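Peer 1: Please build the complete structure, drawing on both the sequences and the hints.
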Amino acid sequence: MTLEITGGTPFSALATQSWTRCYAGGAITFGCPGRTYERAPRVWGGRGLGLPEDELPAFAAQLKRVMKHEAYWLARADCPDRRAGDAARWSPGRYDDEDGFVYFAGPCTHGDPWPGYRPTEEFTLTLPHVRGLRIRVAAYLAAG
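Residue numbers (the numbering used here): 1 to 144.
Be a bit skeptical, because a hint or two may be false.
[As the list claims (entries may be wrong)] Derived Cβ-Cβ restraints for the label pairs, each shown as a range:
#	residue 1	residue 2	range
1	ALA143	PRO113	30 to 40 Å
2	GLY144	GLU98	13 to 23 Å
3	ASP99	ASP78	30 to 40 Å
4	ALA77	ALA143	30 to 40 Å
5	PRO33	ARG82	33 to 43 Å
6	ARG82	GLY46	20 to 30 Å
7	ALA139	ARG21	16 to 26 Å
Read the hints as simulated data drawn from the structure, not as lab findings.
Just so it is clear, the structure is predicted and the values come from calculations on it, not from any experiment.
From the three backbone atoms N, C-alpha and C, an ideal C-beta is built for every residue, glycine too.
Peer 2: So this is what it looks like as structure tokens:
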């Protein structure tokens with residue numbers, strides 16, 4: 001009997017799951033259906049976002065799409081804080097080799113009131129903050 005093993009990590013098939021986007025009230029909610037609990041994004045309400053490292057390129061593409069949407073530019077124009085889109089609102093990406101996630105401290109929210117990073121099926125960013133996160137994600141990918 002011959003056993004042939006091919007492919008990448010056991011989670012590589014999950015990395016191709018699509019993202020959903022919902023624009024409402026000057027914010028964007030990203031959904032991530034079909035991910036297992038272990039591979040779901042992690043959010044610490046109001047403090048940060050963690051994503052599996054192998055999903056960062058696809059998420060960067062989502063951020064790029066958001067910045068091309070009319071809702072982004074309208075929210076950016078209406079925002080009284082002209083520095084809301086600065087990269088300084090987000091920390092540089094920090095890789096955690098225990099779980100394979102990259103963490104960015106910054107203004108990300110979800111519905112869980114408990115402290116700490118929690119897996120979630122969706123999370124929300126105010127539209128003006130998307131630019132800063134996109135800069136940090138791109139910088140992390142470029143350094144990799």
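Peer 1: Is 33 to 43 Å a correct range for the gap between the Cβ atoms of PRO33 and ARG82?
Peer 2: holds, 35 Å
Peer 1: Verify the CB-CB distance for ALA77 and ALA143 against the hinted window 30 to 40 Å.
Peer 2: holds, 32 Å
Peer 1: Could you say whether the range 20 to 30 Å given as a hint is met by the Cβ separation of ARG82 and GLY46?
Peer 2: Hint holds: Cβ distance 21 Å, inside 20 to 30 Å.
Peer 1: Please check whether ASP99 and ASP78 have a Cβ separation lying inside 30 to 40 Å.
Peer 2: holds, 37 Å
Peer 1: Starting from the hint 30 to 40 Å, judge whether the C-beta atoms of ALA143 and PRO113 obey it.
Peer 2: holds, 34 Å
Peer 1: Do ALA139 and ARG21 keep their Cβ atoms within the hinted range of 16 to 26 Å?
Peer 2: This hint holds: roughly 22 Å between Cβ atoms.
Peer 1: Does the hinted range 13 to 23 Å hold for GLY144 and GLU98 at CB?
Peer 2: Once the Cβ atoms are compared, 18 Å apart, the range 13 to 23 Å for GLU98 and GLY144 holds.
Of the hints listed earlier, there is not a single one the structure fails to meet.
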